[in-house]
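Asks: The chain contents come next:
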Amino acid sequence: MNPPKLIEIRKNILKKNDELAQGLRARFAADGVFVANFVSSPGTGKTELLKYTMARLIDRFAVAAIVGDVETENDAVRLRKSGAPAYQVETHSMCHLESFHIDKAIAAAASQFRVEELDLLIIENVGNLVCTSAFDLGEDLQVVLVSTTEGEDKPLKYPKIFDRSDICIITKMDIAEALEFDHAQMRASIDAVKPGMPVFEVSAKTGWGMEAWIQYLVERIDEKKAEDTPARAD
Amino acid sequence: MHELSIALRAVETILEDLAEQNGKVMSVQIRVGALSGVVPDSLRFAWDVACADTRLSGSTLEIEEVPVRIWCESCQREHTLPDADFVFRCPICAASITEVLAGRELEILSVEISEYESPQAD
Numbered sequence: 001m002n003p004p005k006l007i008e009i010r011k012n013i014l015k016k017n018d019e020l021a022q023g024l025r026a027r028f029a030a031d032g033v034f035v036a037n038f039v040s041s042p043g044t045g046k047t048e049l050l051k052y053t054m055a056r057l058i059d060r061f062a063v064a065a066i067v068g069d070v071e072t073e074n075d076a077v078r079l080r081k082s083g084a085p086a087y088q089v090e091t092h093s094m095c096h097l098e099s100f101h102i103d104k105a106i107a108a109a110a111s112q113f114r115v116e117e118l119d120l121l122i123i124e125n126v127g128n129l130v131c132t133s134a135f136d137l138g139e140d141l142q143v144v145l146v147s148t149t150e151g152e153d154k155p156l157k158y159p160k161i162f163d164r165s166d167i168c169i170i171t172k173m174d175i176a177e178a179l180e181f182d183h184a185q186m187r188a189s190i191d192a193v194k195p196g197m198p199v200f201e202v203s204a205k206t207g208w209g210m211e212a213w214i215q216y217l218v219e220r221i222d223e224k225k226a227e228d229t230p231a232r233a234d
Numbered sequence: 001m002h003e004l005s006i007a008l009r010a011v012e013t014i015l016e017d018l019a020e021q022n023g024k025v026m027s028v029q030i031r032v033g034a035l036s037g038v039v040p041d042s043l044r045f046a047w048d049v050a051c052a053d054t055r056l057s058g059s060t061l062e063i064e065e066v067p068v069r070i071w072c073e074s075c076q077r078e079h080t081l082p083d084a085d086f087v088f089r090c091p092i093c094a095a096s097i098t099e100v101l102a103g104r105e106l107e108i109l110s111v112e113i114s115e116y117e118s119p120q121a122d
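Protein chains in written order, with my numbering: chain P, 1 to 234; chain H, 1 to 122.
It is possible that part of the hints are untrue.
[What the hints assert, rightly or not] Simulated crosslink set (BS3-like; lysine-lysine; CA at most 25 Å straight-line):
1) P:Lys104 / P:Lys81
2) P:Lys224 / H:Lys24
3) P:Lys224 / P:Lys104
4) H:Lys24 / P:Lys15
5) P:Lys81 / P:Lys15
6) P:Lys16 / P:Lys104
7) P:Lys225 / H:Lys24
8) P:Lys81 / P:Lys205
9) H:Lys24 / P:Lys81
Everything labelled a hint here was simulated from the structure, so no lab data went into it.
Could you put the whole structure together from the sequences, leaning on the hints where they help?
Replies: Following this line, the structure appears as structure tokens:
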């Protein structure tokens, strides 16, 4: 009998997810599609913000969304009210989206939109601030949302998702005053876990603060298109 | 609780890597960073389920936990952040930290196998 032996593996556990995400990223780059992944707790207002955002951009860009929920197609139905197509992924028991969900959704959504014709693909992740942090989906931008109702220390409670995200949007600013929302304290919490993170404060209900966010997104989409134009065969 | 997904992906990767190698998997060594978003206890809990009906069934999961290590521009040196403290300030001079050197790991290091056959010359 041979003695037990150690075999070196040295591989990232999420190698498969990451490889597929890299493949998606290369595909999105070749097609000049800007991809943004939105994460937050349940009830922060991702769908409302995205409905507003998509409605504002639809005259200027080809926009579509892939939305993940554990069950129901309700969010895709809400997002379609923006006038842009939205494809629902039901993850069933899974609390987050993985890159294979995106890969499959792109193929399955072909009757609603063709990803290569898009300027902006929005991914609305499952409402969860823990599990969504580990999975690369091939996005260019990860946006973490936190609402004025959630407490100014939310970033301190969920530092990992803030560390992984690129920008933060504070939602439900229309009710900030009634809640005695301490905006300096929220900013300090965000800065503590992700120094220098860009922050937008908005209300999707009244449109307050939306200009700066929309302008930021438009710039990012334009940048991506400019980057990719020379490489395109057509 | 996404540790079951993580455990399933790990098992998948190991099975692929060991395709050419016979024998029984006794233990698996994994490195988990404090910033990886994975809770070691939950991963241990999910391990047996993820391994069921595979060559890894009955294997032990050994987790090496990696603390967060940062580089402080103003001190010009490395520091290790205290456990469970993810406020990105230098523990010495309190400057904001943007450079994380370690702590995001989620890596399969090695597996220990037994009852394997030596390659036979034929």
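Asks: Does each hint hold? Answer for all of them.
Replies: Hints and how they fare:
The straight-line distance between the Cα atoms of Lys104 of chain P and Lys81 of chain P is roughly 24 Å, inside the 25 Å bound, and the hint therefore holds. Among the hinted pairs, Lys224 of chain P with Lys24 of chain H is inconsistent with the structure: their alpha-carbon atoms are about 49 Å apart, more than 25 Å. Of the supplied pair hints, the one linking Lys224 of chain P and Lys104 of chain P holds, its CA atoms being roughly 24 Å apart against a limit of 25 Å. This hinted pair checks out: Lys24 of chain H and Lys15 of chain P have alpha carbons roughly 23 Å apart, not beyond 25 Å.
A distance of roughly 37 Å separates the Cα atoms of Lys81 of chain P and Lys15 of chain P; the hinted pair therefore is violated under the 25 Å criterion. A C-alpha spacing of about 15 Å is found between Lys16 of chain P and Lys104 of chain P, which places the hinted pair at or below 25 Å, so the restraint holds. Restraint check for Lys225 of chain P and Lys24 of chain H: the C-alpha separation of about 52 Å exceeds 25 Å, so the hint is violated. Taken as a hint, the Lys81 of chain P and Lys205 of chain P pair is honoured in the structure, with Cα atoms around 14 Å apart against an allowance of 25 Å.
Taking the CA atoms of Lys24 of chain H and Lys81 of chain P, the gap is about 55 Å. The hint is violated against a cut of 25 Å.
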